[in-house]
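For reference, the chains in residue letters:
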Amino acid sequence: MSKPHPYLPNSVPEIKERMMEEIGISSIDELYSDIPDKLKFRGELDVPGPYSEAELKNEVSGTLEKNWGLRCPPFLGGGVWPHYVPAVVDEIVSRAEFLTSYTPYQPEITQGMLQSIFEYQSLVCELLGMEVSNASVYDWATGLGEAARMASRLTRKTTILFSTLISPNRLSVMKAYTEPAGITTVQVDYDKTTGQLDLEDLKEKMDDKTAAVYIENPSYLGFVEEGVEAIAEVAHDSKALFIVGVDPISLGLLKPPGEYDADIVIGEGQPLGNHMNYGGPLLGLFACRNEPKMIRQMPGRIIGLTETLEGSKRAFAMALQTREQHIRREKATSNICSNQALCALASAVYLSLMGPKGIRELAEVVASRARYAMRRIGELPGVRAPVFNSFHFKEFTVKFRTKSVNEAHLGLLDRSIHGGKSLVKEFPELEETALYCVTEMHTKRDIDRLVSVLGEVLEG
Amino acid sequence: MSLRRYRQADWDEPLIFELGMEGRVGFAVPSLEPELVDAVDDITELVPAGMLRTRPANLPEVSEIQVLRHYIHLSQANYGVNSGLIYPLGSCTMKYNPVINEVLAGHPKITEIHPDQDDASVQGTLEFLYRLNEGFLEVTGMEDASLQPAAGAHGEYLGILLIRAYHAERGELETRREIIIPDSAHGTNPASAVMAGFKTVEVPSIEDGGVDLEALRSVVGPQTAGLMLTNPNTLGIFDSNIHKIADIVHEIGGLMYYDGANLNAVMGKCRPGDMGFDIVHVNLHKTFSTPHGGGGPGAGPVGVKALLADFLPVPTVEESDGVYRLSWDRPKTVGKIHGYHGNVNVMLKAYTYMLTLGGEGLKEASELSVLNSNYIAQKLKDVKGYSLPYGEGKWRMHEAVLSASKMNEETGVRALNISKKLLDYGIHAPTTYFPLIVPEALMIEPTETEPLEALDEFIEAMKMISELAYSDPEEVLKAPTNTTIGRLDEVRASHPKTICLSWGTYCKLPL
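As given, the protein sequences belong to chains A and B, one line each in that order. So the first sequence is numbered by the numbering used here: it starts at 1 and just counts up by one. So the second sequence is numbered by the numbering used here: it starts at 1 and just counts up by one.
Don't take every hint at face value.
Taking lysine to aspartate or glutamate pairs in the EDC-like style, the calculated list, with each CA pair at most 20 Å apart, reads [stated by the list, open to error]:
(1) A:203 with A:189
(2) A:313 with B:18
(3) B:508 with A:307
(4) B:394 with A:22
(5) B:332 with B:144
(6) A:444 with B:38
(7) B:497 with A:131
(8) A:40 with A:55
(9) A:357 with B:22
(10) A:157 with A:208
(11) A:357 with B:42
(12) A:192 with A:208
(13) B:394 with A:414
(14) A:66 with B:247
(15) B:199 with A:189
(16) B:305 with A:46
(17) A:40 with B:247
(18) A:444 with B:35
(19) A:57 with B:102
(20) B:109 with A:414
(21) A:38 with B:274
Please keep in mind that the hints were generated in silico from the structure rather than gathered at the bench.
All chains should be built: construct the whole structure from the sequences, respecting the hints.
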């Protein structure tokens with residue numbers, strides 16, 4: 001390069017030459033002599049730059065500014081949700097000591113991250129009503145894939161039954177994780193009026209190959225599954241596991257899966273202090289019961305409490321590493337060799353800030369706002385909200401009878417409001433239906449504006 | 001040069017659960033407007049019987065400043081590449097994580113975007129993803145790519161799924177059951193292959209660290225699905241036979257998988273696509289400077305040659321006439337591998353890094369990473385107790401693997417002890433005991449972002465440890481003493497009788 005680069009301290013020609021002299025070479029290319037000539041890349045990579053910081057900031061902000069500003073957060077959910085991220089969370093996760101550290105393989109010098117993750121595991125357990133959590137996986141969807149495989153390993157059975165109304169994206173990821181392992185996935189019907197899992201159909205489909213039953217609660221379409229104890233019983237009667245996927249915010253208000261006999265609980269930790277970021281990074285919650293057999297089959301990293309060799313001081317370390325790929329190689333429970341540590345840290349800070357009362361209050365506020373929105377939208381002519389006659393938490397279905405979902409969507413977007421997600425392709429049997437989501441970020445004014453613009457669009 | 005008397009902070013910090021008092025809150029939840037309260041019934045009355053939470057979650061009750069201080073205290077008991085001294089962790093490419101990348105990645109026009117938003121409303125995001133993808137293809141020499149994998153291992157899993165889909169389409173999946181992996185490979189390689197339903201076959205390394213071609217020829221056949229390789233390999237040596245290896249595998253109908261963990265050595269010098277690889281994953285959190293975050297989130301995009309493009313996950317970003325959109329149109333796709341589009345915020349940092357260096361700068365970064373590692377290797381290989389096994393006389397690439405087996409035999413000081421003693425000087429340890437084929441391995445990767453002074457400080461520390469090992473080994477064996485805590489009982493952390501994985505179980509332990 002023509003001048004030294006700020007990220008490359010030894011790019012100063014004199015320094016570079018001094019170093020080359022010290023090791024006895026006269027050109028850098030000597031170091032690359034093992035690369036056969038015919039494989040050498042000639043010329044320069046066609047990558048724009050180098051940009052100075054000021055130029056970069058202009059260029060990249062300019063690109064990002066092409067994303068539209070909306071009048072309020074989008075009314076979108078389904079697995080990533082617009083919740084507020086407290087300033088303290090962002091402050092902590094941007095600390096260089098956390099942000100720029102590697103996996104804590106040297107526990108003496110990384111107690112900070114180890115203790116934080118232990119706290120994350122503990123906080124998540126309290127929220128889910130479970131006893132053991134891992135240090136997190138990539139997201140809810142991959143957590144589902146891992147949970148299905150874990151259930152199959154534990155039961156030595158090969159079928160996963162799942163509620164038809166789970167997220168199609170998560171189903172696709174589950175299949176990518178289960179098919180190579182010879183696990184089949186079978187969907188269970190739902191009650192057309194309430195959306196609730198059809199217990200009779202579940203019983204019919206259970207057999208001696210069933211490794212687990214999976215439901216999402218609240219469901220992908222936002223209603224609360226009420227027959228959870230009965231589902232758990234049906235699963236356990238056939239020695240199958242019960243896997244539940246959750247939106248953790250809902251557990252401020254709803255009974256946690258640990259209290260209705262779930263064996264593995266997964267979910268999306270994004271709303272616990274992580275920004276939406278167009279869907280990543282996310283935070284895969286993953287918890288199970290405190291049974292040695294289960295814990296040994298759990299995928300991913302787990303942090304445990306221990307003590308120092310001298311002085312018996314409290315200390316934290318990675319536990320049960322013999323399940324993991326860097327020790328077990330081809331016999332590992334999963335190939336995962338990271339967690340979403342920084343996102344887990346964000347969630348630990350978030351749950352600490354919230355406390356028991358905060359998380360309850362938040363869940364109530366969210367559910368109340370959603371209820372208000374659902375009722376107001378449902379009062380519009382030619383609209384039904386929700387489609388299913390069940391209790392909804394923060395997401396709900398809106399069915400359009402006189403316009404298409406897309407017409408409604410474009411009408412709103414014209415006025416800088418982003419409506420719900422179209423379910424037309426995902427669930428054609430629901431016809432012109434969209435999935436709306438309301439959180440504490442949507443004020444009454446935002447909701448009223450949504451309703452009034454939607455009214456105009458439907459009349460037009 | 002004198003070594004530093006480093007002292008890491010130790011606040012004797014309690015667990016967050018041990019702080020706080022009843023009634024305190026750390027965050028004020030926005031209240032409902034009175035008119036809204038009037039308009040809806042009490043929500044707790046509406047929750048179906050039996051589904052209402054009756055026992056509050058046992059979370060701590062702490063105020064904002066307590067939470068802030070607690071986690072700042074914990075951060076001070078941690079070590080990062082931007083806050084530390086030198087972080088020569090082999091295979092992990094702990095380079096400087098540029099601050100401007102963080103600033104731009106915090107822009108609300110990226111953080112507050114929902115993944116299901118209308119394409120028209122997210123043109124900025126789609127544009128940078130598209131451009132990042134283009135740069136990624138250029139650097140790797142591949143023809144199409146998916147940005148969806150959230151980590152390197154995740155990319156590996158996707159890569160093997162692509163191999164699977166390719167053979168399945170040709171009706172050969174039943175017979176092609178084996179993935180060949182060199183004995184020096186990362187542990188994720190065999191784990192990924194097995195997870196995707198294959199058997200693994202190990203091939204040995206020869207004296208220069210390369211793949212044993214004879215051994216390779218003897219294991220390939222109609223049962224071979226593919227081969228996974230990193231080049232430069234985990235010894236930091238470039239395998240000159242790479243095109244021969246690719247020919248052997250391709251001739252019998254197998255596919256070549258490139259583990260991009262070591263790409264930092266060769267940007268702009270040679271490309272996996274040109275070496276004969278069909279599939280590549282790259283760790284953006286290594287080569288493209290995005291922070292490791294204490295273990296994640298990373299990102300592991302996967303590039304492929306055209307013959308595998310049909311199988312890539314959906315959606316991908318397409319462009320026409322300057323308009324970007326997500327395309328779901330890949331009928332033969334393996335489906336989705338992540339719930340959404342992968343770790344988009346991480347990708348922005350990789351994109352800004354790429355622009356900050358440009359094509360020319362990426363090449364210089366690789367060259368300097370190689371110069372830095374050879375500088376260390378040359379200065380340390382003849383120091384008493386250390387050696388540089390395999391590949392006698394060969395230059396190293398971005399990393400070098402020293403062995404301390406002589407020191408161990410002569411003084412009882414092991415690679416583990418050396419790494420702990422380095423911590424006492426404020427220097428992060430290298431990767432130890434990897435690759436498995438080197439006894440008492442110390443895998444050192446300084447990266448291009450370390451100034452000469454830091455390299456010299458590391459070299460000085462390694463020399464000092466050698467001196468101590470031969471004069472006063474106890475001094476090394478008792479390390480670390482300057483870190484937040486000393487050596488800990490790792491057996492206790494996993495023993496069935498003492499294992500404790502959460503605060504809840506801690507409360508039940510007989511203490």
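Satisfaction of hint between residue 414 of chain A and residue 109 of chain B, Cα-Cα up to 20 Å: holds (19 Å)
Satisfaction of hint between residue 46 of chain A and residue 305 of chain B, Cα-Cα up to 20 Å: holds (18 Å)
Agreement of residue 444 of chain A and residue 35 of chain B with the hint, judged by alpha carbon distance not exceeding 20 Å: holds (8 Å)
Satisfaction of hint between residue 42 of chain B and residue 357 of chain A, Cα-Cα up to 20 Å: With Cα atoms ~17 Å apart, residue 357 of chain A and residue 42 of chain B stay inside 20 Å; holds.
20 Å Cα cutoff - pair residue 38 of chain A, residue 274 of chain B: Distance of about 9 Å is within 20 Å: holds.
Restraint status (C-alpha distance of residue 199 of chain B to residue 189 of chain A at most 20 Å): violated (37 Å)
Restraint status (C-alpha distance of residue 394 of chain B to residue 22 of chain A at most 20 Å): Holds - the C-alpha atoms of residue 22 of chain A and residue 394 of chain B are around 16 Å apart, at most 20 Å.
Proposed proximity, residue 22 of chain B with residue 357 of chain A (alpha carbon, max 20 Å): Given pair residue 357 of chain A, residue 22 of chain B holds - Cα atoms ~10 Å apart, limit 20 Å.
Agreement of residue 394 of chain B and residue 414 of chain A with the hint, judged by alpha carbon distance not exceeding 20 Å: violated (64 Å)
Holds or violated: residue 497 of chain B to residue 131 of chain A, with C-alpha atoms at most 20 Å apart: holds (16 Å)
Residue 508 of chain B paired with residue 307 of chain A [C-alpha distance capped at 20 Å]: Holds, at about 17 Å.
Restraint check for residue 57 of chain A with residue 102 of chain B, where alpha carbons must lie at most 20 Å apart: holds (11 Å)
Going down the numbered hints, you'll see the structure goes against 8, 12, 13, 14 and 15, while the others check out.
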